[in-house]
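Chains as they are written, first to last, in this note's numbering: chain A, 124 to 487; chain B, 426 to 942; chain C, 93 to 414; chain D, 491 to 799.
These aren't lab readings, by the way, just hints derived from the structure by calculation.
Values in this document were obtained by computation on a predicted structure and should not be read as measured data.
Glycine included, every Cβ here is placed at the ideal spot set by N, Cα and C.
Among the hints, a few may not be true.
[Claimed, not checked] Derived coverage of chain C by chain D (criterion: at least 3 residues anywhere in the stretch with Cβ under 8 angstroms from a Cβ of chain D; other residues may be distant):
1. 104-117
2. 209-221
3. 312-323
4. 350-363
5. 370-382
[Claimed, not checked] Calculated pairs, DSS-like style, for lysine-lysine (alpha carbon to alpha carbon, straight line, at most 25 angstroms):
6. D/LYS775 - D/LYS610
7. A/LYS363 - B/LYS445
8. C/LYS412 - B/LYS458
9. A/LYS258 - C/LYS399
10. A/LYS363 - B/LYS711
11. B/LYS697 - B/LYS711
12. A/LYS129 - B/LYS840
13. B/LYS840 - C/LYS412
[As the list claims (entries may be wrong)] A few chain A residues facing chain D, derived, Cβ under 8 angstroms:
14. ASN279
15. VAL283
16. MET292
17. VAL400
18. GLU405
19. ALA440
20. ARG450
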Amino acid sequence: MEVMPKWAEVILVPLISLLLAAILSALVIMAIGEDPIAAVQLMVTGALGSTYGWGYTLYYATNFLFTGLAVSVAFHAGLFNIGGEGQAMLGGLGVALMCLLIPWPHWTLALIGASAGAALFGAAWAAIPAYLQAKRGSHIVITTIMFNFIAAALLNYLLVNVMRPQGSMDPASARFPEAVHLPTLHDLLAPIGISFSKAAPANVTFLIAVLACVLVWFLLWRTWLGYEIRSYGKSEPAAKYAGISPTAITMIAMLISGGLAGMMAINNVMGEAERLVLNAVEGAGFIGIAVALMGRSHPFGVFLAAVLFGFLYQGGAELALWTNIPRELIVVIQALVILFTGALDNMVRMPLERLFLMTRRGSG
Amino acid sequence: MTADDTSGRQETAAPAIELKGISKAFGPVQANKDISIRVMPGTIHGIIGENGAGKSTLMSILYGFYKADKGEIFISGQKTEIPDSQAAIAAGIGMVFQHFKLVENFTVLENIILGAEDGGLLKPSLSKARKTLLELEHEYGLNVDPDAVIEDLGVGMQQRVEILKALYRQADILILDEPTGVLTPAEADQLFRILDRLRAEGKTIILITHKLREIMEATDTVSVMRRGEMTATVKTADTSPAELAELMVGRKVLLRVDKTPATPGDVILDIKGLRVVDDAGVERVKGIDLQVRAGEIVGIAGVAGNGQSELLEVLGGYADGTGEIRVSGQPLDLAGKRADGRSRRARGIAHVPEDRQREGLIMDFSAWENTAFGYHRDPSYQSGVLLNNAAIRSDTEAKMQRFDVRPPNPALAAKNFSGGNQQKIVLAREIERNPDLLLIGQPTRGVDIGAIEFIHQQIVALRDKGKAILLVSVELEEILALADRVAVMFDGHIMGERQSAETDEKELGLLMAGVGS
Amino acid sequence: MDFLTLIQLLDSTVRLATPLLLACLAGLFSERAGIFDIGLEGKMLAAAFFSAAIAALTGSVWLGLLAGIAASMGFSLLHGLASITFRGNQLISGVAINFLAAGLTVLIAQDWFSQGGRTPSLMGGARFEPITLPFAENLGTVPFLGPIYAELISGHSILVYIAFLTVPLTWWILFRTRFGLRLRAVGENPAAVDTAGVSVVGLRYAAVMICGMLCGIAGAYLSTALQAGFVKDMSAGRGFIALAALIFAKWRPWHALYATLLFGLFGALETRPDVIQAIFGIKVQGALLGALPYVMTVIILAGFVGKAVPPRAGGEPYVKER
Amino acid sequence: DPALIFDLGGKFDKSFNESAYNGAQRWADETGGKYLEIELQSEAQREQALRRFAEAGANPVITTGFAMSDPIAQVAPDYPDTIFVTIDGWVPDQENVLTIGFAEHEGSYLVGMMAAMASKSGTVGFIGGMDVPLIRKFACGYAQGVKAVNPDATVISNMTGTTPAAWNDPVKGSELTKAQISQGADVVFAAAGGTGVGVLQTAADEGILSVGVDSNQNPLHPGKVLTSMLKRVDVAVYDIMKAGDDVKPGFRAMSLADEGVDYALDENNAALVSDDMKAKVDAAKASIVDGSTAVHDYTSDDSCPALSF
Ligand SMILES: Nc1ncnc2c1ncn2[C@@H]1O[C@H](COP(=O)(O)OP(=O)(O)OP(=O)(O)O)[C@@H](O)[C@H]1O
Ligand SMILES: Nc1ncnc2c1ncn2[C@@H]1O[C@H](COP(=O)(O)OP(=O)(O)OP(=O)(O)O)[C@@H](O)[C@H]1O
Ligand SMILES: [Mg+2]
Ligand SMILES: [Mg+2]
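Start from the sequences and build out the full structure, keeping to the hints where you can.
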């Protein structure tokens, strides 16, 4: 019944959209007097041309994977969780407490503990807006926005007044002990003979994020719980008819969502910074919204979108390192990518559909 | 507008509407194929056809809602371009859609003037419309409270608003798409009286319906559509229901439910003093007692909005009630945790909800996902912690086969099936569970006669297996044909019970109006 | 808390509420027509920049205001193109606009002024000055009402009065005019509007453009009335707060006024820890004080405001043919 | 070539990053030299930038902001031939690191004294950006200076917010200023990046005095900015770049004695600073330099004798 073959929908449309975004970005780069071709080369080689580049690209992608999945799960339940930012902040707090308070013997155990802490704190931060939505009808978009601000204030208070080591200028927690340092991709791949950049921050969390993608996929499309979440998201009256409790699903979906957002902290806090800093999340919660929307809330789509954004971040960093292109340009490029692949995709799809319909009529 | 200026027009020989070679495709779906039709002024022209035949599409093209890929439109002999509804309205066409196009939280008056305001300010438009409305009401007996909010009105009233909307725009040609699908017999009768009146004034009416009786009683000519094509146009006087049914489905159709007398067994459903208060705090069911036995069909008749829906909702587990309900002797929770759809299903209660698109199906889900809907936690659909999708799919395929769902493609999304086939998916899901008690609301609403025949057969077959069936329908005809016993609800009470063999539409109609025993 | 402190708090409330109010009403027009807009922030930011930039270049704040409105409406047009013409995802489009504005304003500012993404400071006619209402000076001495008139009501920039007048105007347009009727209808059931012979696309573009205009004024207010120039990211999340206020207000103009005044009051209270200490009797730690407005909002939402039902067709593109 | 890494605020933060940029630019203009630079966008880029510049052979690698201390401590051992410079950071026990420490509290003390002397109401204000220890260090030094002149003076202190937006919210800065004015403040000191723009503007509009920070902000509103607390990051960066490969690791203090911090006096505020004021401040300056007056550094023990947070 579809007008276009699947490959056109899945590959051609995003590709052409991306191309349009690239062309417009090139124009902007030219407008500020730089060379767009060199810039693109720099971005591609910087982000994908070496294991070092990949290490950073995947590091960023890991963050976006968690927040993107978080937004997606809530979306499937018909809930717009804008609170990924705050939930990831709290996840960081969970990780920091776990790593600082418990003397872990080995990183594997620490990872389990920290993941639990991250998920628990993230979920807890999502629980209140979820409860208010389910029981009081308080719009989850407002409450999660509010909880982002509250989380920032809470963290600021804790890091400046409570968790900061005496005398340190930095509003950050103490460094985590050596035992909880997570292995980087270099550490993981070296034993099997693959050499991977030592410097890049991508670490074992990336694998956990990929695993999370698979699990979320299983959850949503292979379990009755996921089935209930999706049903409720599509139609509340129908869900009620089927005996699916709106309260339970709202709570569960938001807890999972918050937990996923919180889990981002094992990548940036435990894996990279190895201490909790004030601005650890740096907007990944919001990028997660774009990633989920662009990935059409499907774990595989989220994966691709997250890697795309990882590429943009790392490519942007390389641009910033070796050229005088201001960092705002990178923001503009990101915006154009989001715009063309996410919002203006029909601009590409509509004429393509007409084209395919014509060829089909022509041949049939 | 007076009778004088319309009578003159009646004499012109040109058809009020002439469509020539209309074709329309939705993506790969060819909804209308080279359709031509002529409708004479001052007549009622019926259009029938199976679900998905393209009736609504054709009329939407005439009304400028869709744009035809090919073809020409002539209004009163004049070739007319109708690129949008504005043009259709200007050409004197009004349309009452199958799914009403009303703004739910606006008042009647606001809906009526929408798009037909006089000037930029609302006040003068509203007062003028109020006056005109009064005249129209007077003229046609269409009483509606102009200040009522649409969502508070019953469907019958909403339909009147739609008709008034068209009349307010001085439509000479009125298209009605399945207007009686949601009306009570009394409301339908009233509608046809109004249509007669309009015809007498020289207005032209196109009537789409699935009900052959209405075609036979109300129309002058009738066209039959099948799979996007116009297969026949005949004078109503020259045809018969059986012939029309055959023309439309392509085979002989049984127009009557074929069933043996019931042999009721034990009491399965036993309701005592049930009361239901809705979200707004209004008591909708005011203490009813009712029993349904194994092997019988009990029909609940009544004008929509008299508590039948709430009754079904409580039985189905998604509204709270007070009182006592026993199923097979065991009490049923009416509130709290165990009063939900899942617990009900566990107790052997299956439920075909009144609104299949809102409740019975997830329109974006595939047919196979919908087949599991409500039963998704059933052990036979699980393998370990995971859903056994393969099992659900093969189960769906079998059910689609047995219920003749077309197309028999489990992967197709529910929204891509026609209404009749959507209903079959729901029925297959619920009936094939072999429940002790089947709750079924409006089983054939908006469904074509071929499918109606089939659905009725399935319900009777379940009864003959010794199951209890509670049927709620606003179609008296359906209730009389299907139910063994009829209870009539009015204002939250049961006005009376009758054996269906011993009663008729007239008696039930009185009970439905709150008059009687 | 003495009377003058109260006046000062309310005065601050008015100033802080004004950009929120304008943005909230902007969102109201758009969302009442069925187009969700989380790009209020970006539009405000773009307007803040362009109004300050043009005011700085021409010396005329009015030209600046026009430029700000034009810039904001340009982004609205983009949003309309994505969400109306091409039936794209309205949320994504909004997100993109926020990013785009954040990046472009600084890029262009740097290109034009080379002052690190800022505009030069605005002086004289390049700024909206406070207006002293008639007799404010003489009446200031009248007890009670005097200070209210002289301090609270008088002495704001013209844009503040415009913002407050926009509330009844919005109400009047929405509920008393043909345009308003159609606009509300298109947000509830676009098919009804379409079959009534009115262009859904036209109405939605009109709503989105009004939204752009009001965001433009909001942005101009930030950089040319409250401030004397543009600083990067100076909208500082106000677009999101306006969005929250819009939901809080359940998409109604008068409620929007109350909601934004409430947010403004919270913001004003945040600047006066001493007042909070006087009221609650405890000294609130600085960072936690910052959380106060948001905590209060959640409490009020949970305790007093019921379910907010958005316009029914909101967020969905109008598609006739699947 | 030298490399310069700007902290998250970006090189145009109207604060110390910008000051560093100015220093580097002056060096480039004077010598025709070239330098690498990056404006950080994320935490993860800190280590990345350090390593990339070190690998590319840049020397010295200059960083701004206390948040770089930790990454430098991680990276520096891997590149023993590169000199890493941290401005505001603290990397002890590392052989190839030059730490540059500014005595912001001393400079703030001086402008605090001037504020107290210029104040008629006996109430002065402080407006910080985000509530972080560095900003408290400014506030604390300032409050000490105020109290040194007038022990009965009131110091009102506000922070703008808890998210990075706090550094770029001039509107909030304005409101805080107005709130402090209504509490009687007639001199306000802003240490709040872009937010300070709003503070100085409002102070000028409302007819009170303000105190600028980091660079000389007196010209922003001639005759209305009492003075500015100078933090000569530009000088530090210029000196380091000039020294180039010869730069020595270790610790370099940028205190009053080293002219690393100071107060600004120019034609814009000449009329505001009386001879008496100037004499008193210069005396205090001398006594701080010779050690007879000790200004307490908040970050030394996370407490402040003159102000509570
Ligand atoms: N807006 C649309 N987009 C895509 N396909 C459509 C659309 N409307 C109808 N169709 C398809 O066109 C065909 C004709 O549909 P139409 O609604 O005209 O049938 P109908 O005869 O009115 O059926 P029913 O009796 O169920 O109302 C169907 O296959 C339907 O799925
Ligand atoms: N001119 C006014 N001055 C003060 N309050 C007003 C005024 N007009 C309306 N209100 C009050 O403001 C509230 C909201 O009015 P508004 O017109 O925004 O929504 P509404 O008409 O109640 O809602 P809707 O039309 O969406 O059902 C109401 O409580 C109303 O009493
Ligand atoms: Mg139809
Ligand atoms: Mg109203």
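Here is how each hint holds up against the structure:
no.	hint	verdict
1	104-117	holds (count 4)
2	209-221	holds (count 3)
3	312-323	holds (count 6)
4	350-363	holds (count 3)
5	370-382	holds (count 4)
6	D/LYS775 - D/LYS610	holds (23 angstroms)
7	A/LYS363 - B/LYS445	violated (48 angstroms)
8	C/LYS412 - B/LYS458	holds (20 angstroms)
9	A/LYS258 - C/LYS399	holds (10 angstroms)
10	A/LYS363 - B/LYS711	holds (23 angstroms)
11	B/LYS697 - B/LYS711	holds (11 angstroms)
12	A/LYS129 - B/LYS840	holds (20 angstroms)
13	B/LYS840 - C/LYS412	holds (14 angstroms)
14	ASN279	holds (4 angstroms)
15	VAL283	holds (6 angstroms)
16	MET292	holds (4 angstroms)
17	VAL400	holds (6 angstroms)
18	GLU405	holds (5 angstroms)
19	ALA440	holds (5 angstroms)
20	ARG450	holds (5 angstroms)
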